[in-house]
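Visitor: All chains, please: the whole structure from these sequences, using the hints.
Okay, here's what each chain looks like letter by letter:
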Amino acid sequence: MSDLLFNTSLLDEVDRFQRQMSSLFSGLPSSIRASRLSTFPQINLGSTGDSVEIVAFAPGIDPAKLELTVDKGLLTISGERARVESQPEGRCYAQERFLGTFRRAIELPRDADPDNVKARYVNGCLTISIGKRETSRPRTIAIQ
Amino acid sequence: MNTQTHLAERNPGTIARHGDAQAQAQKGPTIVPAVDIYEDTHGITLWADLPGVSRDRLNVHVQDGSLFIEGEASIDTPDGLRLHHAEIREPRFARAFSLSADFDTSKIDANLNDGVLKLSIPRREEARPRRIEVSVG
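First to last, the protein sequences are chains P and W.
1 is the number of the first residue of the first sequence in my numbering; add one for each residue after it.
1 is the number of the first residue of the second sequence in my numbering; add one for each residue after it.
It should be emphasised that the hints constitute simulated quantities derived from the structure, not laboratory data.
None of these values were measured; they are calculated from a predicted model.
Incorrect hints may have been included.
Within a straight-line C-alpha distance of at most 16 Å, the following computed EDC-like cross-link-like pairs (lysine to aspartate or glutamate) qualify [stated by the list, open to error]:
hint: 1; chain 1: P; residue 1: 72; chain 2: P; residue 2: 111
hint: 2; chain 1: W; residue 1: 107; chain 2: W; residue 2: 125
hint: 3; chain 1: P; residue 1: 118; chain 2: W; residue 2: 76
hint: 4; chain 1: P; residue 1: 132; chain 2: P; residue 2: 96
hint: 5; chain 1: P; residue 1: 118; chain 2: P; residue 2: 67
hint: 6; chain 1: P; residue 1: 132; chain 2: P; residue 2: 115
hint: 7; chain 1: W; residue 1: 118; chain 2: P; residue 2: 96
hint: 8; chain 1: P; residue 1: 65; chain 2: W; residue 2: 125
hint: 9; chain 1: P; residue 1: 72; chain 2: P; residue 2: 115
Far from chain W by the CB rule (all over 10 Å, computed), these chain P residues [said to hold, decoys possible]:
hint: 10; residue: 64
hint: 11; residue: 74
hint: 12; residue: 78
hint: 13; residue: 80
hint: 14; residue: 102
hint: 15; residue: 103
hint: 16; residue: 110
hint: 17; residue: 112
hint: 18; residue: 113
hint: 19; residue: 134
hint: 20; residue: 140
hint: 21; residue: 141
All C-beta atoms in this analysis are idealised placements derived from N, C-alpha and C, irrespective of residue type, glycine included.
Guide: Okay, structure coming up:
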């Protein structure tokens with residue numbers, strides 16, 4: 001202890017500690033963890049000729065607690081993931097799953113029709129299908 | 001209660017080495033699903049997020065003292081879908097844990113509901129903590 005406090009090697013000790021901490025955290029699967037902490041649910045977005053398709057990966061949510069709104073071309077998914085069961089006397093070894101309220105907004109393309117939205121919740125995935133307006137669908141033009 | 005962690009996570013490389021290693025390698029990378037792990041006197045309860053994985057595409061098995069969770073998400077999408085933005089690119093999940101010998105692997109209870117897998121791994125009867133009565137006399 002006296003060595004640590006009064007010797008010049010104190011700075012070395014700090015350095016060592018910093019190195020240890022950084023190596024500890026860099027060993028984590030950073031890409032997965034980063035995306036997991038920053039966003040829930042994760043979203044994939046695609047489109048076909050006549051619809052916009054959105055998949056939100058939101059497992060373990062009561063569909064009644066999922067709220068889906070479209071307002072001025074902005075689709076908002078919000079809700080809450082509650083704790084599944086309380087573990088009063090249990091020891092916890094890992095708690096990585098998202099817990100709490102969430103909200104994600106997606107700007108819809110201008111040709112999306114807010115009156116034609118279908119949403120399904122299957123196997124923990126929320127699939128949203130938004131129709132495109134009739135006028136914006138691709139069409140072939142007959143040449144006369 | 002024993003203070004040791006009984007359910008240690010295995011090196012991710014173990015998954016690739018296990019079983020159909022070639023098939024896994026061909027399929028490409030997998031996602032490590034988020035888990036919650038709790039232990040009480042009866043055993044361990046594990047929850048894993050597997051969105052889009054249906055029961056027939058989920059494979060939970062124990063081999064050589066290791067617990068493997070593997071699943072593949074399948075989502076109904078219309079034909080001709082062009083993906084514009086993807087936060088989940090690989091719809092395959094895999095994670096492995098090593099189990100210590102005091103768990104009864106023949107009595108693991110698995111339950112998949114809304115994309116969340118719940119595994120109950122009981123301790124062996126003889127490994128459960130018990131109170132020893134002290135008699136006076």
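Visitor: Each hint needs a verdict: does it hold in this structure or not?
Guide: Each hint, compared with the structure:
1. 72(P) / 111(P): This hinted pair holds, its Cα atoms lying about 12 Å apart.
2. 107(W) / 125(W): Within the cut-off at roughly 11 Å; holds.
3. 118(P) / 76(W): Since the Cα atoms of residue 118(P) and residue 76(W) sit roughly 13 Å apart, the hinted pair holds (cutoff 16 Å).
4. 132(P) / 96(P): violated (38 Å)
5. 118(P) / 67(P): Given pair residue 118(P), residue 67(P) holds - Cα atoms ~13 Å apart, limit 16 Å.
6. 132(P) / 115(P): Satisfied, since the Cα-Cα distance of roughly 10 Å is no more than 16 Å.
7. 118(W) / 96(P): holds (14 Å)
8. 65(P) / 125(W): violated (40 Å)
9. 72(P) / 115(P): Distance of about 12 Å is within 16 Å: holds.
10. 64: It holds; residue 64(P) is separated from chain W by about 12 Å at its closest Cβ, greater than 10 Å.
11. 74: holds (15 Å)
12. 78: holds (17 Å)
13. 80: holds (14 Å)
14. 102: Label holds. Min Cβ-Cβ 13 Å, cutoff 10 Å.
15. 103: Nearest chain W Cβ is 16 Å from residue 103(P), so the label holds.
16. 110: holds (14 Å)
17. 112: holds (13 Å)
18. 113: Answer for residue 113(P): holds, closest chain W Cβ roughly 16 Å.
19. 134: Residue 134(P) is indeed farther than 10 Å from all Cβ atoms of chain W, at 18 Å.
20. 140: holds (16 Å)
21. 141: Holds, because the least Cβ-Cβ distance between residue 141(P) and chain W comes to about 20 Å, which exceeds 10 Å.
Going through the hint list in order, the structure does not satisfy hints 4, 8.
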